[in-house]
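Peer 1: Spelled out from the first residue to the last, the chains are:
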Amino acid sequence: MFEARGLMVFYENMLALNNVSLQVEAKRIIGIFGANSAGKSTLMYTLSGIILDMKRKEEMAGGERITVLGQVLLEGQDIMGFKPSRRARQGLVLCPERRRIFPESTVLENLLIGGYLATARQKKETLDYVFQIFPALVPLKNREGGFLSGGEQQMLAIGRALMAQPRILMLDEPLMGLSPLVQAMLVRSIREIRNQRGITILVSEQYARPLIPIIDYGYILENGTAVLEGNRQDLLDNPDVRSAYFGV
Amino acid sequence: MAGADVRKERLDRGIKVRTSGIYAISGGKEIGYLILPRLVLIAGLLLLPLVVTNPYWQRVISIVGIYALLALSFDFLTHYVGLVSLGGAFFVGVGGYLAALLNTKLGLSPLFSIPLATVGGGLFCTLAILPCLPLRGVYFSIVTLMYPLLAMRVIEALNIFGGTEGIMGVASFPNRWVEQYSLIVVLLLALFGLRRLVNTDLGLVFRAVKDNDQAVKASGINITHYKTLAVFISASLACLGGAYLVHIYMWAGISTLALDFSIIPIAATVIGGGGTLVGPVLGALILVPISELLRAFGTLRIVFYALILMAFIVFRSEGIMVYAQRKYHQFEKWVQV
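Chains A and H, in that order, give the protein sequences.
Converting from the first sequence to the working numbering requires adding 603 to each position, the first position being numbered 1.
Converting from the second sequence to the working numbering requires adding 1334 to each position, the first position being numbered 1.
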């Protein structure tokens, strides 16, 4: 249902993504693994369209030139030229790296901002759902986002993304800087979201081990190139991948 | 499929790469490449008083020089220390009044009154700004915007320094050559001096304060100390401009605290390219004559002026100098990906 073909992104003359193609089937969890600077975030920005904003900003300020080539197809339609807001309305929602929650709004407000375009019924229903999968957020409802701990902020960020009624949810490094216990909780929640809501999920991480039990298919990025792809077992069987991304 | 796509590639010119190291002195071509832009600026500024014959435009040269100093001072404080001061007029006013007082009350000639006003005014402004230094971002800007307004009303209300009439009878320069050439030489010294300064270790600390002051504090550096020093440098430059202004007009009044002296340098910095130091000088060189030319339109002057500024910010917010530097150092070509 969702596909990327031959994505190439240049930051000035540096190749950040080299001919990356993805195939995402509905209701799957897709893992994207790679070290720092492998191009995970660039891939997420390109899929969600944020890269177009960055490109424009750099052009205005006379900074580095960003070149984006390739196609992003959502149900057969090329959406590469669409702005991030239009992509989000079509159900392609990004939960950005480092959470980017609104620090001066309360938890409830943060969630409502995410659901701005949803109908009142969807909003109410999703809100209940977010508090159901992340019960830790319930007592914090009226706390300002900036005062939450890292794990709580990540739950909030995922909740906010859910409020936008995604069909495809992209999570950029959702486990960054969290304790193993919280990581495990989030990984369970990610699987539940897929199972209960039928949302397709793309999740990127540096360290693949916590996510490997839940992914259906995975891509390994290295220096902007997708060097390996396969289902869980394929990835586990590759000795290089095992040592580099699973630590075994 | 991707083979058919092309993109524009930006590469440093070979000579730029060569001249960044020891090979800069390997031959005439390399030396020429480095010196040419600097020479054009220096020679251009020095030739200006010789080329311009109309007495009205000769006066404009001096005004350009003063605004260039103000813009330089603003650019340094904003883009290298991160303190956006909207109170340039306060510095000008302090420098101007001090020079006028030294000249009329103590009888010092411009040769002494201008340097004394520069250093003394810099000290006074630094002391005045000191309480606001812990402020950051827009708060610092707003507070500094208040200083010239405050000073203006204090002078008016207390009727000190000649009140609304100002201090008259300030000595002028012996002739226009002294006036213009001393100003241009001072401007060039300030420009190249600041360019040196921002690349020294001190400049590194300044830029670090701009980027992340908490990290600088964590490195065991007292940022208030460095901010104070930066404000002193910047204020001194603007006071120097103010002192010149007063000696050129032979009069110091509350109009030296006018908003123009805060705003036009900022506009010059935007047009010239912030953070380049040369840019603001070029910006002043373009803006001030334009503003004089537009006088023909009467009150519509400000409208055209504002439109030019808006066009620059919307379409070329990088500024002339950033654009020119890129064109000089780099070339572009289409490449297949």
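Quick caveat, the hints were computed from the structure, so don't treat them as lab data.
C-beta: ideal position from N, C-alpha, C; glycine also.
Among the hints, a few may not be true.
[Stated by the list, open to error] Simulated DEER-style distance windows between Cβ atoms:
id: 1; chain 1: A; residue 1: K686; chain 2: H; residue 2: L1381; range: 44 to 52 Å
id: 2; chain 1: A; residue 1: E667; chain 2: H; residue 2: I1555; range: 28 to 36 Å
id: 3; chain 1: H; residue 1: D1545; chain 2: A; residue 2: I716; range: 56 to 64 Å
id: 4; chain 1: H; residue 1: I1636; chain 2: A; residue 2: I716; range: 50 to 58 Å
id: 5; chain 1: A; residue 1: E667; chain 2: H; residue 2: D1545; range: 17 to 25 Å
[What the hints assert, rightly or not] From the derived model, a few chain H residues whose C-beta atoms are all more than 12 Å from chain A:
id: 6; residue: V1340
id: 7; residue: E1490
id: 8; residue: A1592
id: 9; residue: F1649
id: 10; residue: Y1657
Peer 1: Evaluate each hint against the coordinates.
Peer 2: Hints and how they fare:
1. Between A:K686 and H:L1381 the CB atoms are about 51 Å apart, so this pair conforms to the stated range of 44 to 52 Å.
2. A hinted range of 28 to 36 Å for the beta carbons of A:E667 and H:I1555 is consistent with their spacing of about 30 Å.
3. Checking the proposed 56 to 64 Å range against H:D1545 and A:I716 shows it is violated: the Cβ atoms sit about 30 Å from each other.
4. In this structure the supplied range 50 to 58 Å is violated for H:I1636 paired with A:I716, their Cβ-Cβ distance being about 40 Å.
5. The given range of 17 to 25 Å is respected by A:E667 and H:D1545, whose C-beta atoms sit roughly 18 Å from each other.
6. Not every beta carbon of chain A lies more than 12 Å from that of H:V1340, the smallest distance being close to 9 Å; the non-interface claim is violated.
7. In this structure H:E1490 is separated from chain A by more than 12 Å, as the shortest Cβ-Cβ distance comes to about 41 Å.
8. Listed as a non-interface residue, H:A1592 keeps its Cβ farther than 12 Å from every Cβ of chain A; the least gap is roughly 31 Å.
9. With a least beta-carbon separation of about 9 Å from chain A, H:F1649 fails to lie farther than 12 Å from that chain, contradicting its non-interface assignment.
10. Distance check on H:Y1657: its Cβ comes as close as 6 Å (rounded) to a Cβ of chain A, failing to clear the 12 Å threshold; non-interface status is violated.
Consistency note: the structure conflicts with the earlier hints numbered 3, 4, 6, 9, 10.
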